[in-house]
Amino acid sequence: MRESGGVRPGRVLGGIAAHAVLATGAVVMLAPFAWMLLTSIRPPEEVFGAVFDPIPSRFAGLENYGQALGASNLPRAMLNGVIVCCGILAVQLLTAIPAAYALARLRFRGREPLFGLVLFGLCIPIQVPALPLYIALADLRLLDTYFALMMPFFLTVFGLFLFRQSFRTYPEEILQAARLDGMSEFEIVWRLATPAALPAIAAFSVFSVVAHWNDLYWPLIVVTSSERATPALGILAFRDAETGGNYGALMAAAALITGPMIAGFLLARRAFVRGITMTGVR
Amino acid sequence: MLSSIAKSFGRNRVLEDVDLAIEPGEFLTLVGPSGCGKSTLLRIIAGLEGADRGSVAIGGRMVDRLPPDQRDVAMVFQSYALYPHMTVAGNIATPLEMRRLTLAERLPLIRLLSPRRPRVMRGIMAEVRAVAETLQIAHLLDRKPAQLSGGQRQRVALGRAMVRRPRVFLMDEPLSNLDAALRVHMRSELAELHARLGITFIYVTHDQVEAMTMSSRVALMDHGRVLQLGTPADLYDRPATLAVARFIGSPPINVLEGEADGAGGVRIDGVRLPIAHGLPAGTRITAGIRPEALHPAPGRYERPVLRARLKRAENLGAEWVLHATLTGAGEAPLVVRITAAEHDAALQAGLLGEEIALSVTPSGTHLFGADGARLPVRQREAVGAR
Amino acid sequence: MSAHSPQARMEARWGAMFAAPALLLILTILLAPVAVLIALSVTDYRLGAIAVRLVGLDNYAAMLADPVFQRSLRNTLLYVAFVLPAAVFGGLGIALLVHARIRTRTVYEVIYFLPVTSTLVAMATVWQFMLHPALGPVTPLALSLGFGRIDLLNDPDLALATLALIGIWQLIGFNMVLFLAGLSAIPRELYEAAALDGARYGADRFLRVTWPMLGPTTMFVTVTSTVTAFKVFDTVVVLTRGGPLGSTETLLYILYLEGFQYFRMGYAAAMTVVLLVFLAGLSILQARVIEPRVHYA
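Chains as they are written, first to last, in this note's numbering: chain A, 1 to 282; chain B, 1 to 386; chain C, 1 to 297.
Worth flagging that the hints you see were computed from the coordinates, not collected in a lab. Treat the numbers as computed from the prediction; the structure is a model and nothing was measured. Just to be clear, a hint being listed does not mean it is correct.
Claimed, not checked - Chain A stretches covered by chain C per the calculated footprint, using a threshold of three residues with CB under 8 Å from any CB of chain C: (1) 30 to 41; (2) 61 to 75; (3) 78 to 89; (4) 105 to 111; (5) 152 to 164; (6) 168 to 178; (7) 198 to 205.
Claimed, not checked - The following label-pair restraints were derived from C-beta to C-beta distances: (8) V120/B x G281/C: 55 to 61 Å; (9) R9/C x L266/A: 48 to 54 Å; (10) D144/A x H132/C: 28 to 34 Å; (11) C86/A x G281/C: 57 to 63 Å; (12) R53/C x Y146/A: 32 to 38 Å; (13) L207/C x R165/B: 23 to 29 Å.
For every residue, glycine included, the Cβ atom is placed at its ideal position computed from N, Cα and C.
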C-alpha cells in the first residue's frame, strides 16, 4: 500500500528488521539441506571436525553417492517408490474421477448417502483402518507385496471431494450439447470433464505422489523384506546399517531420497504448493 | 486546490498536468470513461496514492506530506469497504476511536486499564447514534455488514465518513454496485445530503447521467487530462472539444464530416449549413449535431435540409428515436430524437417515408476543427424551418 | 425431466456405474475396517490367535490405568502444546513479513516451503547428524552461545522439545503458505478505509483488518496443525525410538508398538479408537462449529 509523503526513515528500518528476521529463519530452514549436501561431498576422514572447516578439501561426492547407490538397497527403494506412487495414483484417478463426476452431475439413487460417506471419510486418518487392514492382509498372506503397499490408498476421499468440487463448476450446457451429439456419458467424463479439471487433477497428483513417496507409517508396518522397501524405509535401513560409519554416504543417501521431491518442487512450484496445501480448499 | 498533478504507473502516464481549483461547498464530479484517471486523481487527493509531480492543497493547506487521516477528508469506496467483523456501530465509531483513544487504549487487553476509555466510548457512541439516525439506520446498529442490503451498507459507509465531519467528502463510484431503481433513489438522497451538510463533495463516476444530475460542476477527463471543467449546462451546450460533446448526451451526438465553403458555412454532403466560422474554404470541419436538433421537414423546401434514409424508428413512449443514414457519400448514421407529438404530426404529414429530410437547428449544432477544439461561431441562422 | 423417463434412468445407471468402484473401495477400505476396529477393541485378539474372547471394556480400562499409555498421552499433549503456538503464530508472522516483500518474496516462499516437501525421514536423519554431540554443528553452536554442553536427543528433559522443534521446522512453511493465501484474499480497500479512518500504526491495521479477516484461515491452520502434531511418528522412529526413558513415546508410536510389534490387536484397537475420537472430533469441530461462525464480507 503506497502512501503519500515519501519514504520515511521508519519504513526503511522496518524493512531491514523484517529482512533480518526472515533471513535468520531462512538460515534455519536451509541449514539441514546445506549440511546434508556439504557432508555428502565430504571425504570420510574429514567428517570429524567438519564444523570448523565447512568446505571439504577434496570433492568426494562420487565416492559417497556411489556408495549410497551401490552398497545399499537405495536404488531398489527409489524404484519401489516410483512403482508404488504411480500405482496408487493410477487407481486413485481411475476410480475417483468417474465417481466424482457422478456425484457432481448425475442423479442416482444413493448419491447423497455416498457423499455423506465421503465427508465422513475426510475425518478419518489412515492410521485408523491400518490395524484391521493389516490383519486382513496377514490372513491373505499378502503382506510385503506391492499390493499391500498400495491397497489402503486406492481410496481417496480427498480426491473424491476435490474432483467433485471441480466438476460442479463445469457448464451444464456443454454436457447437454455433447449428449445431443450422441456422446456416451463415459466419453463425456474422460474427454470433456477431465481435461477441464486438469489443474485440480494435477495438484491432486502432486499431493498424492509426495505424500506416498514420503510415507513411513504404512510401509513400516507391511514391509519386512528389503526388496519391497520404499524410499522412507530405504533411508532408514541405510542409517541403521551405517551407525557410526560413513556419514558422507549417509547424507548422500538422504539427498538421493528426498532429491526427487525437492527437484519436483523447484521445477513445478505452483503445482506443488497448490497440491500440498490442497487440504485447505474446503 | 490541485496544481499540476502528474502521475504515472510504470510506463503508463495516468495523469498529465491536472489543474483543478475546487470551490468550497460545491459538488464536483469527475467523470470520464474507464481508465481516464479519475479514480487515481481522487486517491491522490485522499492520500492513498502519491503524485509524481504537482501538489494538493485542501483549505489552503498543502497536504502532500500528510497521511490520509490527517487531511480532513472522508471517502466512500465503490465496494463500501466496511469492516465485516464489526457491527454497524463499530464501523461508524472507528474513525472516532482512532482519533480520540491512544494506541494503548485501542489494544485488546491493555485497553481495560484505561480509566477514561469508558467515558470516551460513551461520547463516541452518542455521536454514532446521532449520525445513524440522520441516515435512518439507527435500527441497524447492532447488525453486521453481511446482514445488510446494498443500500443499507452504503448508508453505513456514508455514516462512517460523515462522523468525521470532514472538510471534503470523496466518493468513488458509490452507486455503481446498486440496481437501477435504488441508484435513482440514492442520487437524490446524496444530493439532499450535500445540500444539508454544505461541505465540498468530490464525486467520481463513469455515468454521465449521475454527473449531470447531481453536480454543481463537472470535470470531464480522458486519458489523464481534464477536457473541460464547468457546470453541466456548460458541458452540454458549449462543449469544449469533440470528445466532450461525444461523451455527454444520450443518445450520443451525431458527428458529420464536412468542409468549409468560401461563403462562411459548412458543406456536408452537398448541403450547405450557413453557420459562420471564419475559416478559409476547404478546411475540414467536423460538425456535431445533437439528436434533438434534427427535425423531419418537408422535402421540397427553400432551406437546405439533410437527406437520409430511415432505417428504424424506436418508440419510447414520450419520445421517438429515429435511426437513419445520410444518403450520399459517407452514409453516416444519424440519430434523431423527437417528441411523440412531433412524430405523430410528421407521420400524418407523410414526412416519414423511406426517405426523410431533416432540418438542423443551429443551437444544437457545434463545429469542431481538425484538432477537436470547438470553433467559435459568429452568427447562426436557422436552417430549415422549425 | 421426470424421474422415471428413459433419460433419467440412463443417467441413474451411468451414475451408479461410475460410482461403483469408489463405493466398493469405501466399503472395504473405510467402513469395514472401522467396524472391525470397534469390534476388535472389545476383544483380546492377538495376531494369529485361534481363540478370541469378548472382554467388554477391559481394554479401555487397562489403557487408562496403564502408566505407559498415560505417559504417551501426556507426551503427545505436551508435544502438541509446544508445536501448536509456534507453528501457527510463527507461520502467521513469517507470512506477514513475506507478504510485504516484493522482490524477495518468491525466494523466501521457496526456502520456507522446502522442509514441507522434503522426506521427513531423510531430513530427520540429517537432523540426527546435526545434533550429534561430537560431529554436528548444533552442540558447538550452543556452547558458543553460552549454553552448557547439551546432548539434545539423549537428554530425557530435552528430547521431546527437540522433536517438537523439528516438527515446527517442518510445519511452519505449510502454515505460511496457507496464511499467505488468506492475506492475499483481504481486499485492499479495507486497508485504505482503515488508513483514512486513522489506522496509521501497523498494530491498528493488524487488529482492525488483518486479524479479523484471517479468522477462517487461522482456525483452519490451527486444526490442521493440531492434527498433524498429534500424528507425530516419523521423527520418533528415526531419532529416539521412544527414548530416552520413554520421554518421547507418543500415542501413535505406542499404538504402532502394541499393534505391530507386540501384536496385541485388541488393545491396540482400543487405542486407535481413542485416537480416532480425538482426531475425528477435531475435524468435526472445525466443520460444524467454527466454519459456520466465519463472517464473509
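Tell me the numbers of any earlier hints that the structure contravenes, in ascending order. Numbers 2, 3, 6, 7, 8, 11 - these are the hints that the structure violates, sorted from lowest upward.
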